[in-house]
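K.L.:
Sequence:
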Amino acid sequence: MITTYIVRNGLLTTYDGPPGAILAADEVLWHDMQAPTLEEEHQLETLLGVEIPTREEMEEIEASSRLYTEGGAFFLTASVVANAHSEAPQLAPVTFILSGNRLVTVRYHAPRSFATFRQRAAKADLGIRSGTTLLIAIFETVTDRLADILEAAARRHDDISRDVFVSGARSPEQRNQLSQILERIGQAEDMNAKIKESLATLDRVIGFFSLAPDAKKGAADRRSRIKTVARDLRSLADYANAQTQKITFLLDATLGMVNIEQNGIIKIFSVAAVVFLPPTLIASIYGMNFRFMPELDWQLGYPFALGLQVLSAVLPYLYFKRKGWL
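Per this note's numbering, the sequence shown starts with residue 1, numbered consecutively.
None of these hints come from the bench; they were simulated from the model.
Think of the CB as a built atom: it goes at the ideal place given N, C-alpha and C, for glycine as much as any other residue.
Straight line, CA to CA, 30 Å or less: simulated DSSO-like cross-link-like pairs of lysine-lysine:
#1 123 x 227
#2 194 x 227
#3 246 x 194
#4 246 x 227
#5 246 x 196
#6 267 x 321
Beta-carbon label-pair distances, calculated as ranges:
#7 72 x 183: 43 to 53 Å
#8 227 x 54: 26 to 36 Å
#9 180 x 13: 44 to 54 Å
#10 83 x 319: 56 to 66 Å
#11 210 x 120: 16 to 26 Å
#12 295 x 316: 22 to 32 Å
With these hints in hand, go ahead and build the complete structure from the sequences.
P.N.:
This is the structure:
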């Protein structure tokens, strides 16, 4: 699907003119392609004279395949997060093609940052006057969206931290939650890794984009906005690295809690074995049934043996209790 946008009076608007007049319309600044078909790709390639990269080419990880110029057009591919608040967040490439005064975006998923940008640009003047300023405004919105995702992720990490370090004795339900906490930590690490990869690719894109003639030699305000986006990306990357360390700490702490719970269970079995060992020894001695055992014909021999077993079990238990081992 291809959606074409124009800018009138500083506001972003969907182009509703005749298809044949798109190329001649100076107001047209943006062609947004979401999951385009081969026919749609060929149509836009013929219209603008640029070669649209395929999905396989967009997913290549080498920098030369993601950042390059061809025929006077800039091709920039960055990974953008989508469905960040769902159980299955996505990280997929988005290609930005800056050809002359027009911007083409190619994507196969739906990041919320694009919808947010369209809504903002339709209501407020974001300083969009050319394809270059349009691209800068999109980068600003994507960066803001990543900041929101990081903030939400940090709050989830705080919730996990509170659940890990539960004050007081743990109930059986709380002990069973440790496995669920491990799953949440795994999801948090996956989300944080996707954010870090997105930030890294965007930082490379901004660095390459800053070398474009329109960005390098443009107005001071334009250059300042690019530098601001670059600084924001670096600060977000530092914040994401700090969250990585926190996630690692939470993982180690949770595994430590699991080991403590396991050690507590093993301690119970060990104490039980020690408590029941003396009675077992006494029962084994009097169960040998030798003919000339002194207590064999004693009338109180059986109650004496039972009492001795109980006493030999109670004394170790009281000793462990006094030492605080139970």
